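> The listed protein sequences correspond, in order, to chains A and B.
Heads up: the first sequence runs through residues 1 to 123, numbered per my numbering.
Heads up: the second sequence runs through residues 1 to 174, numbered per my numbering.
Hints may contain errors.
Unchecked claim - Below, simulated DSS-like cross-link-like pairs (lysine-lysine); rule was C-alpha separation at most 30 Å, straight line: (1) Lys16(A) <-> Lys139(B); (2) Lys46(A) <-> Lys118(A); (3) Lys107(A) <-> Lys139(B).
Unchecked claim - Per the computed footprint, the stretches of chain A lying under chain B, defined by three or more beta-carbons under 8 Å from a beta-carbon of chain B, are: (4) 6-16; (5) 54-68; (6) 78-90; (7) 108-120.
As the list claims (entries may be wrong) - Computed list of chain B residues with no C-beta within reach of chain A, every gap over 10 Å: (8) Leu26; (9) Glu30; (10) Asp35; (11) Ala41; (12) Ser63; (13) Thr65; (14) Leu66; (15) His81; (16) Val130; (17) Gly144; (18) Val146; (19) Val154; (20) Arg157.
Bear in mind the hints are in silico, worked out from the structure with no lab data behind them.
Predicted model, so just to flag it, every value in this text is computed and none were measured.
Heads up, the beta-carbon is just placed ideally off N, CA and C, and yes, glycines get one too.
Here's the letter readout for the chains.
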Amino acid sequence: MPVDVLIVDDSAAIRKILQRVLVQAEVPLGQVVEAGDGVEALARLKETKVGLILSDINMPNMDGLQLLNAVKADDGLKSVPFIMVTTEGGTSKVMEAVNLGAVGYVKKPFTAEQIKEKLAGII
Amino acid sequence: MTHEQLTQMIGTATHDVFSTMLGIELEDGESYVDDAPPAPAEGVLALVGLAGTWAGSGTVACSATLARHISGQLLMQEFQHVDEEVLDAMGEVCNMILGNVKTLLEEHLGPMGLSIPTVIFGRNFTTRSVAKSQWSVVKFNCAGEVLEVHLCLVPSRETSVTHRHPAVLSLNNS
Chain A
1 MPVDVLIVDD SAAIRKILQR VLVQAEVPLG QVVEAGDGVE ALARLKETKV GLILSDINMP
61 NMDGLQLLNA VKADDGLKSV PFIMVTTEGG TSKVMEAVNL GAVGYVKKPF TAEQIKEKLA
121 GII
Chain B
1 MTHEQLTQMI GTATHDVFST MLGIELEDGE SYVDDAPPAP AEGVLALVGL AGTWAGSGTV
61 ACSATLARHI SGQLLMQEFQ HVDEEVLDAM GEVCNMILGN VKTLLEEHLG PMGLSIPTVI
121 FGRNFTTRSV AKSQWSVVKF NCAGEVLEVH LCLVPSRETS VTHRHPAVLS LNNS
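Okay, chain B solo, but in the shape it has when bound (with noise of 0.2 Å):
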């Protein structure tokens, strides 16, 4: 799968869940392939697990300041905080973008699973995926804030069904 044809699911998914589900017409930003790990972040941070003939992860990720933003849209009520309400609103905003993009790779790549979300909120964290591949980096515009969906994706070493390419988290104590 070349960037060009991630980087056009990943709108594709993005732009239908957040029109369907939210009523927010996203604005597009830039999108490029990221070699380098990414620099410490903050805010809330989606990630389900892809398998198959090609293996690897997706992420979303934004401020707290845009996940209750969306949380709200998607809920149709108001977030104080970032709470249980707005991590569980997040991974399944996550589930659906990257689970599109996963029934669009399958019409090339054939059958895949979808690991069920995980959702992580904090401060001066770290992502890298272990087999230290590339990342297509696909940033969205949205009530001031930017959204992003990151996807790495690798061809499978065996055809079996099985999770190959976790991602991998830290907490920087700084």
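Just chain A, with the same shape it has in the complex (with noise of 0.2 Å):
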């Protein structure tokens, strides 16, 4: 069944290259939403409702872990499986985004193959 998939990035490139991996690791892809920063990514989460939310962490307006906390305090969305993909790799990131409620953390640089491998099971 194809899933709707938030991308939130500030750089049009990278969502550019996740919508691209995400094809290549056989993602059945529904619509695909994007957002530059997380206060744009709140804004088309009342628009569209989607099946998972890839997010950068550093990003203008609101941060990735901003926007994850916000995902995870509404009722109608704290349900949408959240992952990270940024370049953010330092542990307490990484902790500090898992103790909100992330399923998954990718770090950049990634190949088709590890975007595939965090989807496993939660897609």
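Both chains are sitting in their own frames, so use the hints and assemble them into the complex.
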């Protein structure tokens, strides 16, 4: 069954690459919604119901951890799987994301295989 | 941190980003410590700030030709000019390289912050650090052009996470 996905990253290049990698990883993609930061992501989530969120951490206006916090605080969104895709590879950031409820963590640079492995069992 | 340690971290991070995300195996070029301000340059320069117990700036710079090639490999399309997409792609390449350097640095220096990248494209611009510190410079050869990664890192005067070490860019009028 196709999965609608929200990709959140301040780099349009990374949003484009992630979309390509999801196809390479044979994810049954439905609608792909993009946002450039956490604020924009929350606005998109009010308009569109998605089955997966992939988000960067380091973004302007509202970062990925703040977005994750807001998603988990919303009864209508908290069950949506949330995966961090970021250069922030430090243990403290990983632990913070996991403690806030992220189901996975992919470090940039990434391969399609790594994304596929991370999504196995989630969607 | 020594120049040798920084050089090794830059090398590891840059090779990893290029081989994984772009399918490009870079050739190592020279590496050295630069005391003098860099000469006026042209092309694309992406810059991020690092902050923590040590703070500084990191840059990734190359010609417009190489920036178009790198962006083309990353996004799987051809670019005839340096446009918004190329600048965005170069900012992300810089973010990934220096972000991975930051992760390696954190093993020695504790948690650090990384700024959102700034990208400059032009001719005859000069970069310098207000702190007048040394830059570790690592060069790589790619598609007949040179990619340069510069990193300037010094101990913070305070342990609080603040941007104490901004880089400055000036455009020459000549």
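> Looking at Leu26(B) again, its CB stays over 10 Å from all of chain A?
holds (13 Å)
> Closer than 8 Å, Cβ to Cβ, for at least three residues: run that test on the segment 54-68 of chain A against chain B and report holds or violated.
holds (count 3)
> Checking the smallest CB distance to chain A, is Arg157(B) really beyond 10 Å?
Holds, because the least Cβ-Cβ distance between Arg157(B) and chain A comes to about 23 Å, which exceeds 10 Å.
> Find the nearest Cβ of chain A to the Cβ of Thr65(B) and say whether that gap is larger than 10 Å.
Given that every Cβ of chain A is farther than 10 Å from that of Thr65(B), nearest at about 18 Å, it holds.
> Find the nearest Cβ of chain A to the Cβ of Glu30(B) and say whether that gap is larger than 10 Å.
holds (24 Å)
> Quick one: see if chain B covers the segment 6-16 of chain A, three-plus residues with Cβ-Cβ under 8 Å.
Held - the segment 6-16 of chain A has 6 residues with a Cβ nearer than 8 Å to chain B, which meets the minimum of three.
> Was His81(B) rightly flagged as not at the interface, with every chain A Cβ beyond 10 Å?
The claim stands: His81(B) keeps its Cβ more than 10 Å from every Cβ of chain A (closest is about 16 Å).
> Keeping to a limit of 30 Å between CA atoms, is the pair of Lys107(A) and Lys139(B) held or broken?
Distance ~24 Å between Lys107(A) and Lys139(B) Cα, so the pair holds.
> Between the alpha carbons of Lys46(A) and Lys118(A), is the straight-line distance 30 Å or under?
It holds: about 26 Å lies between the C-alpha atoms, which stays within 30 Å.
> Is it the case that Ala41(B) keeps its Cβ farther than 10 Å from each residue Cβ in chain A?
At about 23 Å from chain A, Ala41(B) clears the 10 Å cut-off, so the statement holds.
> Using Cβ atoms and 10 Å as the threshold, tell me whether Val130(B) really stays out of contact range of chain A.
holds (23 Å)
> When you look at the beta carbon of Val154(B), is every beta carbon of chain A farther off than 10 Å?
holds (20 Å)
In summary, the structure agrees with every hint in the numbered list given earlier.
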